[in-house]
Amino acid sequence: MKMIIAYIRPEQLPDVKDALFEADIKQFSATTVMGTAPKTEQRMYRGVKREVSLFRRVRLEIILHDEKVEASMEAIAKGSKESGGAGRIFVTDVVDALKPWTGERGEAAL
Amino acid sequence: MKMIIAYIRPEQLPDVKDALFEADIKQFSATTVMGTAPKTEQRMYRGVKREVSLFRRVRLEIILHDEKVEASMEAIAKGSKESGGAGRIFVTDVVDALKPWTGERGEAAL
Amino acid sequence: MKMIIAYIRPEQLPDVKDALFEADIKQFSATTVMGTAPKTEQRMYRGVKREVSLFRRVRLEIILHDEKVEASMEAIAKGSKESGGAGRIFVTDVVDALKPWTGERGEAAL
Amino acid sequence: MEFNAIDTLWIIMAAILVFFMQAGFGMVEAGLVRTKNTANVLMKNVLDFCFAVLAYFIFGYAIMYGSEGAFAGTSGWFMMGITESPVEGVPVEAFWFFQAVFAGAAATIVAGAVAERMKFVAYLAYSFVISAVIYPVVGHWVWGGGWLADLNFHDFAGSTVVHAVGGVAALMGAIRLGPRIGRFNKDGSPNVISGHNLPLVMLGVFILWFGWFGFNAGSTLGFGDPVSVSRIIMNTALAPSTGAIFAMAIAWIKYGKPDLSLALNGALAGLVGITAPCAVVGGVDALIIGAVAGILVIYGNIWLNAWRVDDPVGAVPVHAINGIWGTLAVGLFGKASLGAPLDGLFYGGGFEQLGIQALGTTASLLFVAVTMWIVFKVIDMIIGMRVSRETELRGLDLDEHGQESYSGFQIFTTE
Amino acid sequence: MEFNAIDTLWIIMAAILVFFMQAGFGMVEAGLVRTKNTANVLMKNVLDFCFAVLAYFIFGYAIMYGSEGAFAGTSGWFMMGITESPVEGVPVEAFWFFQAVFAGAAATIVAGAVAERMKFVAYLAYSFVISAVIYPVVGHWVWGGGWLADLNFHDFAGSTVVHAVGGVAALMGAIRLGPRIGRFNKDGSPNVISGHNLPLVMLGVFILWFGWFGFNAGSTLGFGDPVSVSRIIMNTALAPSTGAIFAMAIAWIKYGKPDLSLALNGALAGLVGITAPCAVVGGVDALIIGAVAGILVIYGNIWLNAWRVDDPVGAVPVHAINGIWGTLAVGLFGKASLGAPLDGLFYGGGFEQLGIQALGTTASLLFVAVTMWIVFKVIDMIIGMRVSRETELRGLDLDEHGQESYSGFQIFTTE
Amino acid sequence: MEFNAIDTLWIIMAAILVFFMQAGFGMVEAGLVRTKNTANVLMKNVLDFCFAVLAYFIFGYAIMYGSEGAFAGTSGWFMMGITESPVEGVPVEAFWFFQAVFAGAAATIVAGAVAERMKFVAYLAYSFVISAVIYPVVGHWVWGGGWLADLNFHDFAGSTVVHAVGGVAALMGAIRLGPRIGRFNKDGSPNVISGHNLPLVMLGVFILWFGWFGFNAGSTLGFGDPVSVSRIIMNTALAPSTGAIFAMAIAWIKYGKPDLSLALNGALAGLVGITAPCAVVGGVDALIIGAVAGILVIYGNIWLNAWRVDDPVGAVPVHAINGIWGTLAVGLFGKASLGAPLDGLFYGGGFEQLGIQALGTTASLLFVAVTMWIVFKVIDMIIGMRVSRETELRGLDLDEHGQESYSGFQIFTTE
Ligand SMILES: Nc1ncnc2c1ncn2[C@@H]1O[C@H](COP(=O)(O)OP(=O)(O)O)[C@@H](O)[C@H]1O
Ligand SMILES: Nc1ncnc2c1ncn2[C@@H]1O[C@H](COP(=O)(O)OP(=O)(O)O)[C@@H](O)[C@H]1O
Ligand SMILES: Nc1ncnc2c1ncn2[C@@H]1O[C@H](COP(=O)(O)OP(=O)(O)O)[C@@H](O)[C@H]1O
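Residue numbers (my numbering), protein chains in the order written: chain Y, -8 to 101; chain F, -8 to 101; chain U, -8 to 101; chain R, 10 to 424; chain D, 10 to 424; chain W, 10 to 424.
A portion of the hints provided could be inaccurate.
With a straight-line Cα cutoff of 25 Å, these simulated BS3-like cross-link-like pairs (lysine-lysine) come out [as the list claims (entries may be wrong)]:
hint : chain 1 : residue 1 : chain 2 : residue 2
1    : Y       : K(-7)     : Y       : K69
2    : Y       : K59       : U       : K90
3    : Y       : K59       : F       : K17
4    : U       : K30       : F       : K(-7)
Keep in mind that the hints were calculated from the coordinates and are not lab data. Please read these numbers as outputs of a predicted model, since none were measured by experiment.
Isolated chain Y, as found in the complex (with noise of 0.2 Å):
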């Protein structure tokens, strides 16, 4: 098993949805993220300028098994490019699950 955290603009998040519903990953979760930026960007209050440097950005996170990591790369990069491309992920390992209602262990319990 592994799982998946990628990091996409909040506006991507329903093209991307999508994009991983087609490819049958169908269960993941969503959180909004304050994330850096190659570059600040200006903003300005009560005439007082200020540098922002962290953006919101929607991270998620999907567990799955190690044959669908490909599929769910594919996925996400397919449905962040039609909304204006960018964004990172990342693949970690996952050693063990469980469903707690069905009592199902390891992989089982995707």
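Since chain Y is already given, all that's left is putting chains F, U, R, D and W with the ligands on it; use the hints.
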């Protein structure tokens, strides 16, 4: 060291928290996430239907000693059962830790 | 590649951010989490007491090259020390990465 | 007929201010519930006012002012055949409007106490009945020429007629429904369920106070006596001030910190307390009446917790307890020279007026308690009062209205 | 000249209430857009009022009341040389203020319909033009002694002059701009874009209703006839009540759940519907007019979705459709005995007044539709109407104002 | 005595509007601070009004209107022995209420400037002193028959007496407290600390503007001169409009984008600027006075940043700087024909009135600056002015009130 990532329903948090405390697991973190569900739900707004496919869930993150993994899983399962069941638990590896203000490293830093 | 997960207090974020930037760690993400603390706190609302056991914390997630792990830990420790200390840092493994819009994989994708 | 422009203008302006109190109730109640039930409580507020207007047009006015029986009026359904108001020089349409917004206020007091668990459709049924029948009957007794008016019961702007009536209805509703899930522990000790938006509560209280100047001073039903109107206005500024200060102070002493929502409850308590006596007491009396109201609201809150009655917004301590207090205060502080039927106890008038006040408020509230208990019972049998456990956990907004009050904000439901 | 204190006082108080409607519009519109466009829509609300005041001072009043041509007035720019108001006993400054806040209301109706995608500077240009020229021309026709006034077209407080004018301008704006990104699918079916803050919407609707008492009853332009003022006030309470109830009921039947924002739209629809006939119909008529308005607002919303017009706040169903309905209602329910030019169809007066009403509203709205279409076209050519796709996605607050409406709350932008 | 109904009614209505400004101040201040200090600033707003009412009842009125000494009145504590108001035909209770809400306004201006760092209990002490003594003394000088009244100093509705007094007290408070943690960098350059809720700010400004019609036009203290009241109303619409437009324009030019909170500050600046001259200038003058006010508020903001004074809501530029500007404007634009003591500089009256205005405002503000400095010093010594660093970081809501303003929303504290 392991990291438990558990997804539960918001209303289960109080019971799960108590169950974890009882199992002597006293350090963890919780976030709100938007997560998928087996079935979508229909909502209305100003006469327009919409399929909602992401629901509010709580994500728990617990880093703990290997020998506490089973106990924590049981506690989460028990706590969430009391208020409706369901949810998922995943386990990943943690390779190091640091308590910055004491300088303790690794297992000792938990 | 490693993933640093660090928990700090909200008011430490500006200093920690600066310290990370100084250590040439320019990509990370931050979320608000509710986390446990050694002691609960008593609050009041309309004359009723309550024990608060979850507090607002900031969770940093930083994926970086193995050789930067120590530097990042030091930066976080330094940044958080300036405004009060405490916090936790954990390290997990990252097995792969992808920059979708360039196609770079693995270490190169950071 | 000759109409008096300035009297009519004053009643209309006052009624418009009272109308706006509806928004105040809405903001207070919305702010003190959780995000997941906010749209529901707002919807109840909007609709109970609309039903009050309709019910008071069709039935309420006829019962309250239609004719002069001891118990209830019986003519003028749909306002038909009614061509004159009881107030000389004021067109009946203006008088009707002033009375209709009062009916709306009485009805909406309940929304807060039954919030976060009462079914929307059950609430609609309740709100029609109170505005069509129950409130008008009590109103008739006191203001419409009924038996309490004959006894010289003095409730100038409605500490009993509006507030205690609404407050006791709220108490009946809260008792029948039982507390929200998680509000009390198994050992009976209370838990905190925090209101989600205190700025709205503050705004709501100030809207209410703003409207209350119309509520009290408009109850002169004219501008023939500028001094009386002026005195009422002054008292309506003084009593809530000490109400807020004393509620804050007592909370500070008892709990270690000054609580915003209790201080705001204190201001409302002072307003309810001065509502009956506002025309017949002096400024210093108003300060005292408000201070006592502020103290009562804190203890009322404690009693409710002790009895395990769950009243999310404090409607009972504010409106029921202080409605009674305000009514009795006429018998304590009232001055015949300012228009009270008799001097009050503290001004040498003995216990007579106090006795009448106690009788009037007791009779009215018993009537309300009994009838509302039956009304809620019947509603419960026919459509059910309380939402399911599942709906309560998910929030009434989603299950009853299929929508959420806030969108885009990340909501941490269990906080 | 002799001035009448009570008439002047009434007009001023009414105008102050109408002024406050600006805040109501602001809250409704802010609450029904997304967090990322909130400051932008608020800014538009603030500035369109400021521009309306300025434009109505410099040009608008001269066109509307400056002299008595059939088409438009032509003197009194900058209010210079104007020493008397058309209303005997009322100083021109008070009369100007009453008219200026009406102009502001007409202008601001558009803000909601074009929200979340119209450029700020384009909106400023639009708002100056409508207040300086377009609204005053229609106002002149109906209220300033123009050709519709001569025909006995009766629009007491402005169902057509203010609301339908604003509503049709809103429709033109919404059509020209096209829908927001994601509002309609490729197959034309509509998507939900939820408003971000329903408590603000409820508050806004009650502020509007509160102000509407001044809007309708102040249009008596004096207090010489207390009965008429009182009747207007009563009708302004009745019609929105049935409006909200019927809108809620229809939505409940059609969609399975009672929707808060549609019920609130229903209340506003009832208010718009009663605006023209408020002085010349009875209470039961008002109940019916409101009920129909509540039904129309639901179907209006459906039609807009079917035509793929994106109106985030429902400005078109509320103000345009019900503005027309209210104007026609004069020809259906009006009573000569209450001051209507002729009895309406349902009171034995035949089709004559109805015909005049239909003519008047058609002519006015055609004029507005054509001129506004041109205005928007010109604005589009010179400065561009719509923000870039990127700005729309990021939100107008950040790109147009460099700031966000909320800070500290965690915002989940795509929810 | 014979009372005049319409004068009394007008003063009461105006005072009720002014009362509501308290909610406006509350919303503006709440919206411009961070979530973690919102309940605290609201609590200060509620309580400073309650204390103002109490203090003005016990001490304030006696000092301001109790008797006619040059420096201060000395009789009528607790309103005892006072049976007549200075205004013929108006009951003293109505007059007291009108004055008390003015005292409340002066007091509450400070809350915003000292927000997010001043101790609650210290604030309570301050608010009692300003309403009991400092504001009444200046009020006595100008309106209560004191030495400035004798000199023909003209401050019609209180640009100096209310706004500059409050604004200078705010400045003293902000200076004594020092800036919030993180507001200025080590090199003195300013940082942004964003307000958390701009819709509340917009609402608050419109509530203030709404109330200001009562503030200015009610200061006629009667309705004997309908033209004067009407002119004041018109000017109170015109000046803030150009104030907002010019503040927006200047900000747009200087910073590249139109800033909502600065435009709103501009509207308030226009209101403060027109407060003194509202009765004695024409419409075009009002437009100019407002425009200058809008420009001044932007530069005032820049100066404060340059001097490293931290004023979270802009109380000093709005109330202090424009209070002075409004007072001087009487000497520039005033017309004797409209009731000014002398024609202003621009209308051929020379420098005389301008000199009197400058003297009056300087004397008043020096008095306030010195006394407030001492008051804050004493409060600092006895109870401490500023919360601890830890409390400031965690937020005053938690440490001073043990509660949070919002619940259920996920809050990103450092954003
Ligand atoms: N090494 C990293 N560690 C943690 N988070 C990262 C890292 N790199 C990128 N991110 C997250 O991914 C988001 C998107 O990054 P990037 O693609 O560089 O920016 P953009 O979306 O602006 O093109 C960042 O805002 C951050 O939240
Ligand atoms: N494979 C997965 N990857 C990431 N998150 C998951 C995965 N499976 C489940 N989740 C998270 O767990 C939550 C609960 O899932 P599930 O138990 O299937 O739903 P429910 O709580 O509705 O019964 C989901 O909403 C989602 O946030
Ligand atoms: N073992 C753990 N698992 C998950 N989260 C943890 C763990 N230990 C600490 N945390 C997170 O780190 C935060 C800070 O912890 P700690 O340093 O103990 O508290 P404090 O910041 O109050 O000194 C906690 O609130 C929690 O969110």
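How the hints compare with the structure:
{"no.": "1", "hint": "Y:K(-7) with Y:K69", "in the structure": "holds, 20 Å"}
{"no.": "2", "hint": "Y:K59 with U:K90", "in the structure": "holds, 18 Å"}
{"no.": "3", "hint": "Y:K59 with F:K17", "in the structure": "violated, 35 Å"}
{"no.": "4", "hint": "U:K30 with F:K(-7)", "in the structure": "holds, 24 Å"}
Of the numbered hints given earlier, the model fails hint 3 alone.
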